[in-house]
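The chain contents come next:
Number of protein chains: 2
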Amino acid sequence: MTSAESYYPDEPVKPVVKTSTIPGPESAKQIAQLDQVFDARPAYFIADYEKSIGNYIVDVDGNAYLDLYAQIASIALGYNNPALIKAAQTPEMIRALVDRPASGNFPSADLQKTIKQILKFAPKGQDHVWSGLSGADANELAFKAAFMYYRANQRGYDTDFSTEENQSVMENTAPGAPPLAVLSFKRAFHGRLFASGSTTVSKPIHKLDFPAFDWPHADYPSYKYPLDQYEQENSLEDDRCLALVEHLIKTWKTPVAALIIEPIQSEGGDNHASNYFLQKLRDITLKHKVVYIVDEVQTGVGATGKFWCHEYADIQPPVDLVTFSKKFQSAGYFFHDPKFVPNKPYRQFNTWCGEPARMIIAGAIGQEIVDKDLTAQVLRVGDYLFQKLEALQSKYPTRFQNLRGRGRGTFIAWDLPSPEERDLLLKKLKLNGCNVGGCSTNAVRLRPTLTFEEKHADIFIEALSKTVADL
Amino acid sequence: MTSAESYYPDEPVKPVVKTSTIPGPESAKQIAQLDQVFDARPAYFIADYEKSIGNYIVDVDGNAYLDLYAQIASIALGYNNPALIKAAQTPEMIRALVDRPASGNFPSADLQKTIKQILKFAPKGQDHVWSGLSGADANELAFKAAFMYYRANQRGYDTDFSTEENQSVMENTAPGAPPLAVLSFKRAFHGRLFASGSTTVSKPIHKLDFPAFDWPHADYPSYKYPLDQYEQENSLEDDRCLALVEHLIKTWKTPVAALIIEPIQSEGGDNHASNYFLQKLRDITLKHKVVYIVDEVQTGVGATGKFWCHEYADIQPPVDLVTFSKKFQSAGYFFHDPKFVPNKPYRQFNTWCGEPARMIIAGAIGQEIVDKDLTAQVLRVGDYLFQKLEALQSKYPTRFQNLRGRGRGTFIAWDLPSPEERDLLLKKLKLNGCNVGGCSTNAVRLRPTLTFEEKHADIFIEALSKTVADL
Numbered sequence: 001m002t003s004a005e006s007y008y009p010d011e012p013v014k015p016v017v018k019t020s021t022i023p024g025p026e027s028a029k030q031i032a033q034l035d036q037v038f039d040a041r042p043a044y045f046i047a048d049y050e051k052s053i054g055n056y057i058v059d060v061d062g063n064a065y066l067d068l069y070a071q072i073a074s075i076a077l078g079y080n081n082p083a084l085i086k087a088a089q090t091p092e093m094i095r096a097l098v099d100r101p102a103s104g105n106f107p108s109a110d111l112q113k114t115i116k117q118i119l120k121f122a123p124k125g126q127d128h129v130w131s132g133l134s135g136a137d138a139n140e141l142a143f144k145a146a147f148m149y150y151r152a153n154q155r156g157y158d159t160d161f162s163t164e165e166n167q168s169v170m171e172n173t174a175p176g177a178p179p180l181a182v183l184s185f186k187r188a189f190h191g192r193l194f195a196s197g198s199t200t201v202s203k204p205i206h207k208l209d210f211p212a213f214d215w216p217h218a219d220y221p222s223y224k225y226p227l228d229q230y231e232q233e234n235s236l237e238d239d240r241c242l243a244l245v246e247h248l249i250k251t252w253k254t255p256v257a258a259l260i261i262e263p264i265q266s267e268g269g270d271n272h273a274s275n276y277f278l279q280k281l282r283d284i285t286l287k288h289k290v291v292y293i294v295d296e297v298q299t300g301v302g303a304t305g306k307f308w309c310h311e312y313a314d315i316q317p318p319v320d321l322v323t324f325s326k327k328f329q330s331a332g333y334f335f336h337d338p339k340f341v342p343n344k345p346y347r348q349f350n351t352w353c354g355e356p357a358r359m360i361i362a363g364a365i366g367q368e369i370v371d372k373d374l375t376a377q378v379l380r381v382g383d384y385l386f387q388k389l390e391a392l393q394s395k396y397p398t399r400f401q402n403l404r405g406r407g408r409g410t411f412i413a414w415d416l417p418s419p420e421e422r423d424l425l426l427k428k429l430k431l432n433g434c435n436v437g438g439c440s441t442n443a444v445r446l447r448p449t450l451t452f453e454e455k456h457a458d459i460f461i462e463a464l465s466k467t468v469a470d471l
Numbered sequence: 001m002t003s004a005e006s007y008y009p010d011e012p013v014k015p016v017v018k019t020s021t022i023p024g025p026e027s028a029k030q031i032a033q034l035d036q037v038f039d040a041r042p043a044y045f046i047a048d049y050e051k052s053i054g055n056y057i058v059d060v061d062g063n064a065y066l067d068l069y070a071q072i073a074s075i076a077l078g079y080n081n082p083a084l085i086k087a088a089q090t091p092e093m094i095r096a097l098v099d100r101p102a103s104g105n106f107p108s109a110d111l112q113k114t115i116k117q118i119l120k121f122a123p124k125g126q127d128h129v130w131s132g133l134s135g136a137d138a139n140e141l142a143f144k145a146a147f148m149y150y151r152a153n154q155r156g157y158d159t160d161f162s163t164e165e166n167q168s169v170m171e172n173t174a175p176g177a178p179p180l181a182v183l184s185f186k187r188a189f190h191g192r193l194f195a196s197g198s199t200t201v202s203k204p205i206h207k208l209d210f211p212a213f214d215w216p217h218a219d220y221p222s223y224k225y226p227l228d229q230y231e232q233e234n235s236l237e238d239d240r241c242l243a244l245v246e247h248l249i250k251t252w253k254t255p256v257a258a259l260i261i262e263p264i265q266s267e268g269g270d271n272h273a274s275n276y277f278l279q280k281l282r283d284i285t286l287k288h289k290v291v292y293i294v295d296e297v298q299t300g301v302g303a304t305g306k307f308w309c310h311e312y313a314d315i316q317p318p319v320d321l322v323t324f325s326k327k328f329q330s331a332g333y334f335f336h337d338p339k340f341v342p343n344k345p346y347r348q349f350n351t352w353c354g355e356p357a358r359m360i361i362a363g364a365i366g367q368e369i370v371d372k373d374l375t376a377q378v379l380r381v382g383d384y385l386f387q388k389l390e391a392l393q394s395k396y397p398t399r400f401q402n403l404r405g406r407g408r409g410t411f412i413a414w415d416l417p418s419p420e421e422r423d424l425l426l427k428k429l430k431l432n433g434c435n436v437g438g439c440s441t442n443a444v445r446l447r448p449t450l451t452f453e454e455k456h457a458d459i460f461i462e463a464l465s466k467t468v469a470d471l
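Chains as they are written, first to last, in UniProt numbering: chain H, 1 to 471; chain W, 1 to 471.
Each hint should be verified, as a subset may be incorrect.
Heads up, the list lumps identical chains together, so a pair's fine if it works in one copy or across two of them.
Below, a list of computed lysine to any residue pairs in the SDA-like style, where the Cα atoms sit at most 20 Å apart [claimed, not checked]:
(1) Lys-203 <-> Pro-345
(2) Lys-287 <-> Asp-314
(3) Lys-51 <-> Gln-112
(4) Lys-428 <-> Phe-349
(5) Lys-86 <-> Glu-50
(6) Lys-113 <-> Glu-50
(7) Lys-253 <-> Ala-174
(8) Lys-280 <-> Ala-391
(9) Lys-186 <-> Gln-167
(10) Lys-280 <-> Gly-125
(11) Lys-344 <-> Ile-205
(12) Lys-186 <-> Asn-166
(13) Lys-124 <-> Val-341
(14) Lys-339 <-> Arg-41
(15) Lys-306 <-> Arg-406
Simulated from the structure, these hints should not be mistaken for lab results. In this text the structure is predicted, and so the values were computed from the model without any measurement.
Please work from the sequences and hints to get the whole structure.
Shown next, in the form of structure tokens:
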């Protein structure tokens with residue numbers, strides 16, 4: 001694909017902001033109505049998805065924003081993408097929606113094709129998939145797989161459960177319900193259910209008042225930018241964090257069965273981990289028989305310029321489990337080792353075992369990324385955008401701190417001096433026609449769709465320049 | 001609706017079984033292929049949902065079974081229901097599928113209508129809804145709401161979090177992550193994630209090797225049947241279990257913030273709770289400021305002859321939270337008290353905040369149930385079926401033990417003398433053209449769609465008679 005016209009001939013040529021406040025009056029009215037039945041306080045505006053197209057999201061006041069947030073990084077191909085509309089109208093889709101199967105017990109004749117289509121895009125070293133419903137769900141299903149695998153390593157894959165295990169598990173006590181831990185990293189985000197929530201460490205508001213598992217959190221490396229000027233410091237930082245990981249595995253009050261990490265901590269501030277760090281974790285997890293889980297919920301499906309971000313590190317041997325959701329619109333985990341299929345059926349099971357309607361969409365998204373070579377486009381546009389941001393950084397160094405994501409497609413972020421300035425920037429960017437999200441407390445994260453082009457980057461940079469100048 | 005013809009003119013007139021084994025050869029082949037990429041060991045056969053219609057599920061060998069299991073109790077209206085096909089083809093559905101919104105931040109202009117359509121079917125005393133993705137997810141979101149409410153009652157709804165809370169929660173420790181419990185019942189099933197799994201007590205296989213929260217399980221009443229012959233014994237049983245509930249609340253090692261109960265324990269054996277028991281739990285939960293959650297994941301949406309099973313008990317004041325999924329194809333919880341909306345936004349939040357495509361289907365299902373008065377049909381057909389089963393019980397008393405569900409529509413079950421006989425009965429029933437599920441270790445549970453009629457009951461009873469005679 002050489003230009004967006006081929007995709008979105010009707011995309012606006014530039015943003016339109018008609019209202020002096022956002023949400024505009026019609027959005028504000030509808031938010032208040034919605035809030036009577038559904039907690040709508042986080043709503044920025046009410047979107048009109050009928051009118052939204054490509055890289056532009058339109059609201060009910062008629063404002064059209066260039067969208068660099070894309071439903072919290074979960075729209076891969078732009079709004080009303082023709083390939084997805086086609087997939088949504090197939091007989092397979094109608095059946096999946098109307099006759100939602102219990103895919104464990106009564107799988108559809110369509111399922112094999114759907115699964116194999118998703119597996120076409122699996123990271124290297126992964127050849128099976130299990131399906132969940134959200135990123136948090138995918139991670140928790142991966143934890144279950146990891147715990148079963150860890151215990152199978154101890155007792156033997158084919159060894160049956162003891163009477164004591166069968167009895168104690170019904171009391172939520174050991175040995176049937178063993179005290180095992182998942183190690184995660186400070187500033188991590190892996191979801192908001194109870195086990196995933198125990199591995200999430202980005203903001204207190206995600207976790208307050210909920211009981212948690214007593215699981216450890218290691219330090220995630222904090223690099224200095226630009227990376228090429230701080231190689232030695234950053235290498236020492238990697239080693240410091242690696243030593244801490246190994247120390248926690250060796251000394252934590254309960255055995256550490258699994259480690260989960262984002263290749264770039266996204267919600268937690270777009271913190272990157274080096275290839276060296278990700279590989280060394282493989283060495284440590286192998287040494288201590290800890291299951292290595294890579295959470296690609298936000299980083300996966302192309303936005304970093306590879307289909308899966310951790311492929312940059314070419315980790316050997318491949319990691320054990322890779323979780324996904326968001327831009328695939330479907331959730332679950334990939335795995336390779338057949339031992340991650342539990343020794344008995346019904347241990348990893350539930351009514352639906354995934355959502356076939358969403359799996360069809362996932363397959364169509366993956367195919368479109370490959371057919372249109374969108375990862376190459378993301379790399380090209382990402383480089384273009386990064387250079388423009390560096391120019392702005394030179395002009396406004398305090399407002400573009402720690403600019404990061406070079407070589408990682410359009411998965412780019414930087415820091416503002418304070419949460420207040422960051423929030424103000426995002427607010428004013430909307431008034432200047434660009435919908436952009438933050439992460440951590442003072443970072444801006446760019447998460448455009450994979451169909452974002454140089455012409456969109458130009459529009460964004462113009463709006464950003466104006467906004468920063470007016471801050 | 002007076003006959004199924006109006007719905008399903010092309011429904012088979014009776015089951016067809018062409019193969020001598022189930023799965024048949026084509027199913028067996030496809031199961032083996034699927035198993036290479038997706039754990040397919042629990043598959044009974046590969047279904048052909050294109051050919052399945054109404055109350056008949058067809059497999060890839062051309063066998064057509066009368067379906068009394070209906071995707072583990074999750075198909076409300078039969079296969080390829082015309083009202084749902086219509087809903088699946090609307091522009092709103094295409095948009096929901098293609099432009100999946102982050103409904104918390106960027107709700108669609110369609111969302112308000114979708115939510116209000118679902119709320120039309122809310123149980124009495126509930127007027128808000130929050131959306132999840134599965135029954136387990138719905139329960140865990142309800143737990144989160146309950147924990148926040150419980151702590152808000154202690155600290156004051158508008159009181160801000162302390163520094164100590166904000167810091168300790170990031171370490172997964174108290175007071176930010178307080179040691180609070182959810183009380184559930186032995187034999188309960190509330191899902192298979194980690195917190196929901198800690199409240200599930202039906203079978204060890206659901207839980208083995210997973211760490212669990214140390215939460216208490218009370219006894220669920222075990223009644224003697226037929227109920228009208230054992231009123232006094234069953235009333236004593238209610239009081240025994242109620243005393244245990246109160247004892248656990250008063251003495252458990254951590255505060256009990258919430259209680260969750262199924263009005264009929266479905267996976268755990270179709271164990272019924274009396275109206276008296278469900279009302280008394282309200283009294284106890286109010287007395288001890290415990291949040292009362294009713295899990296209607298399997299019992300909800302019409303199959304018991306009321307839209308929500310717990311409406312039979314007319315609990316006053318209404319319970320705090322009601323969770324749903326399965327037959328609504330969408331998941332979440334209803335609530336009334338505005339205090340179940342947390343004091344700050346983003347505490348009950350995630351990327352998608354529900355699945356609008358499934359919520360559209362849920363609204364269409366509910367509307368069809370009301371328009372066609374299907375709960376009345378379910379009661380009528382349920383009575384008809386129950387009487388036929390009583391006749392069989394008289395003939396084969398040991399194979400129809402504890403026949404239960406009178407007056408609860410088609411939500412009927414009975415026990416076999418052993419798991420082996422139960423499993424054999426279910427297997428032979430398939431060969432005689434009826435797809436039926438079990439629950440607990442030795443119960444048969446009937447879960448036909450709401451469009452199941454007397455003529456279907458006749459076919460089932462004939463097949464069942466033949467099967468039991470041959471056991």
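Practice problem: Of all the hints given earlier, name the ones this structure violates by number, lowest first. | Solution: As far as the earlier hints go, 4 and 8 are violated by this structure, in ascending order.
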